[in-house]
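For the protein sequence lines, the chains are A and B, in the order given. Convert by adding 137 to the 1-based position in the first sequence; the result is the number in this note's numbering. Convert by adding 137 to the 1-based position in the second sequence; the result is the number in this note's numbering.
No lab work stands behind these hints: they were computed from the structure. Be aware that one or more of the hints could be misleading.
[As the list claims (entries may be wrong)] What the simulated footprint calls covered on chain B by chain A, stretch by stretch (three residues with Cβ under 8 angstroms from a Cβ of chain A suffice, anywhere in the stretch; the number is not a length): (1) 186–198; (2) 237–246; (3) 252–262; (4) 266–272; (5) 336–344.
[Stated by the list, open to error] Derived, one-sided and incomplete: chain A residues facing chain B with beta-carbon distance under 7 angstroms: (6) Thr168; (7) Ala187; (8) Gln193; (9) Asn197; (10) Val203; (11) Gly211; (12) Thr265; (13) Ser326; (14) Met335; (15) Val339; (16) Thr378.
The structure displayed is predicted, hence computed values, not measured ones. Don't be surprised by glycine CBs; every beta carbon is placed ideally from N, CA and C.
There are 2 protein chains.
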Amino acid sequence: MMMHISSIFVLSHHQSNLNTLMNTSILNRRTIRKYAQRDIDSNLLNGLLALAARTQTMGNLQLYSVVVTRSAEGKAALAPAHFNQPMVTEAPVVLTICADFHRTSRWAECRKAVPGYDNMLSFLNAATDALLFTQTFCNLAENEGLGICYLGTTIYNPQAIIDALQLPRLVFPVATLTVGWPDEQPPLSDRLPLDSFMHDEVYHEPTPDDIDRFYVQKEQLPENRHFVEINNKETLAQVFTDIRYTRDANEACSESVLSALRNQGFLNE
Amino acid sequence: MMMHISSIFVLSHHQSNLNTLMNTSILNRRTIRKYAQRDIDSNLLNGLLALAARTQTMGNLQLYSVVVTRSAEGKAALAPAHFNQPMVTEAPVVLTICADFHRTSRWAECRKAVPGYDNMLSFLNAATDALLFTQTFCNLAENEGLGICYLGTTIYNPQAIIDALQLPRLVFPVATLTVGWPDEQPPLSDRLPLDSFMHDEVYHEPTPDDIDRFYVQKEQLPENRHFVEINNKETLAQVFTDIRYTRDANEACSESVLSALRNQGFLNE
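Let's have the full structure, built from the sequences with the hints guiding it.
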């Protein structure tokens with residue numbers, strides 16, 4: 138989705154005194170789905186992963202793992218879990234980042250300690266560590282000129298990924314990145330105004346007028362009007378609720394994710 | 138925990154060809170718990186939040202909110218939920234970042250659409266959006282010289298935070314940051330070697346020898362040996378399993394988090 142010039146101006150005003158290199162990188166970031174036929178040097182990838190590991194982590198335990206998929210067979214095995222989106226097989230590197238209490242529990246077992254991390258809180262702690270690590274990696278990699286597509290499908294079909302990557306008990310995939318050198322430069326996508334998601338002191342319930350103000354720009358974008366039209370819907374919100382993220386799919390995937398969490402030992406009730 | 142010079146050399150080797158500004162920032166990052174008596178300009182804070190919102194988000198829905206706490210009363214209300222850690226009342230700004238499907242659902246309701254986001258998958262989708270946004274904010278803010286302490290306690294006592302911040306249905310706190318200008322420079326903390334968390338193609342089960350290799354540096358740090366000693370434990374792992382993150386506490390907090398998720402409408406089974 139194309140960003141309106143006015144929004145870019147607002148951002149520029151906000152960030153005029155900020156350090157520039159990373160700000161330019163984040164201001165220009167877009168999801169990249171098409172990659173050049175060029176590999177990612179493993180020194181570069183390893184360096185970025187090692188740097189990303191400087192991110193804060195719970196008790197400094199680093200409750201995550203990254204599985205690096207470069208082989209055609211590995212990508213083909215992951216593709217169905219991501220609804221065969223072409224980035225999975227076309228990117229030089231696919232990273233699956235996992236919440237991991239397995240390694241820490243193995244450490245404990247090797248050290249006469251009895252781990253107790255087969256529960257929901259521990260899953261959320263490890264998932265948090267994994268996602269913070271993931272985003273620092275994204276920021277660093279995009280700063281290096283790499284292009285990334287974040288696949289939200291990871292938690293829709295976790296069991297298929299668990300099987301493909303042979304993830305043991307207490308390891309659970311939470312994010313997938315396809316990474317490569319960009320071969321496209323799509324337009325910047327729009328964003329909601331700051332006051333739609335920033336609240337002063339307490340949460341302020343949005344009024345219908347607020348909702349109009351927050352969403353008017355998004356709703357008026359030509360590509361979104363086009364979406365509404367080709368889907369025979371009355372409003373853009375209906376495209377989300379009735380087609381893209383439906384109650385039925387959400388509820389089915391909730392069952393899948395809970396079942397996979399149970400299989401991986403995180404819900405030992 | 139002090140980082141060994143050898144580890145810094147390994148990192149420098151890995152990242153020698155990378156862009157420098159943000160890398161220097163992430164290489165030097167440490168958790169900051171003591172802040173100068175100096176406010177954070179709201180233009181700076183707003184600019185950083187607006188930039189952080191360039192982070193990728195599910196369906197470009199931005200499924201998060203940030204509550205900004207600057208008032209002494211607001212900080213005092215949050216402090217007990219964070220076990221009265223002094224950073225909460227001493228930092229100029231406390232940010233509570235929430236998974237938020239409320240605003241999106243309100244939008245749908247105002248647009249003749251029927252939202253179906255009162256389920257586990259939708260919570261995880263929104264929590265993911267919120268945590269990715271949080272980490273870009275951390276990277277940008279630290280790049281500006283601000284110091285941050287990430288409070289993992291947020292999901293231990295979510296209901297107290299929900300009450301203090303008046304969070305409506307389908308809003309759930311997932312991260313808290315205390316933010317200010319640093320008034321300390323603690324040593325860098327150690328990290329595990331890259332091959333402890335990076336796996337090639339499939340997950341490789343660590344052997345006891347691997348575990349020794351991954352954890353030997355951490356276990357030999359003087360401050361960790363001291364922890365073991367003052368706690369009358371035999372191993373560092375026992376400090377984690379028996380004192381810092383115990384089964385009993387994890388299971389009690391799992392109940393709290395599930396109960397709060399139910400109260401906020403995310404587990405409408």
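A quick look at each hint next to the structure:
For the segment 186–198 of chain B, the proposed coverage by chain A is satisfied: 12 residues have a C-beta within less than 8 angstroms of a C-beta in that chain, meeting the threshold of three. As drawn, the segment 237–246 of chain B meets chain A at 6 residues by the rule of a beta-carbon pair under 8 angstroms; at three or more, the given contact holds. For the segment 252–262 of chain B, the stated coverage by chain A holds: 9 residues have a C-beta nearer than 8 angstroms to a C-beta of that chain, and at least 3 were required. Counting residues of the segment 266–272 of chain B whose C-beta sits closer than 8 angstroms to any C-beta of chain A gives 4, which meets the bar of three, so the coverage hint holds.
Counting residues of the segment 336–344 of chain B whose C-beta lies closer than 8 angstroms to any C-beta of chain A gives 7; at least three are required, and the coverage claim holds. Checking A:Thr168 against chain B: minimum C-beta separation of about 6 angstroms stays under 7 angstroms; hint holds. Restraint check, A:Ala187 versus chain B: the minimum CB separation of about 5 angstroms is within 7 angstroms; hint holds. At a threshold of 7 angstroms, the smallest CB-CB gap from A:Gln193 to chain B is about 5 angstroms, leaving the interface hint in force.
A least Cβ separation of about 5 angstroms between A:Asn197 and chain B falls short of the 7 angstroms threshold, and the interface hint therefore holds. Because the closest C-beta pair between A:Val203 and chain B is about 5 angstroms apart, less than 7 angstroms, the hint holds. This hint holds: A:Gly211 has a C-beta 5 angstroms from the nearest C-beta of chain B, less than the 7 angstroms allowed. At its closest, the beta carbon of A:Thr265 sits 6 angstroms from a beta carbon of chain B; the interface hint therefore holds under the 7 angstroms criterion.
A least Cβ separation of about 5 angstroms between A:Ser326 and chain B falls short of the 7 angstroms threshold, and the interface hint therefore holds. At about 5 angstroms, the closest approach between the beta carbon of A:Met335 and any beta carbon in chain B falls short of 7 angstroms, and the interface hint on this residue holds. A distance limit of 7 angstroms between C-beta atoms decides the matter here; for A:Val339 the minimum to chain B is near 4 angstroms, and the interface restraint holds. Taking 7 angstroms as the C-beta cut-off, the interface hint given for A:Thr378 holds, the closest approach to chain B being about 4 angstroms.
In summary, this structure violates none of the numbered hints.
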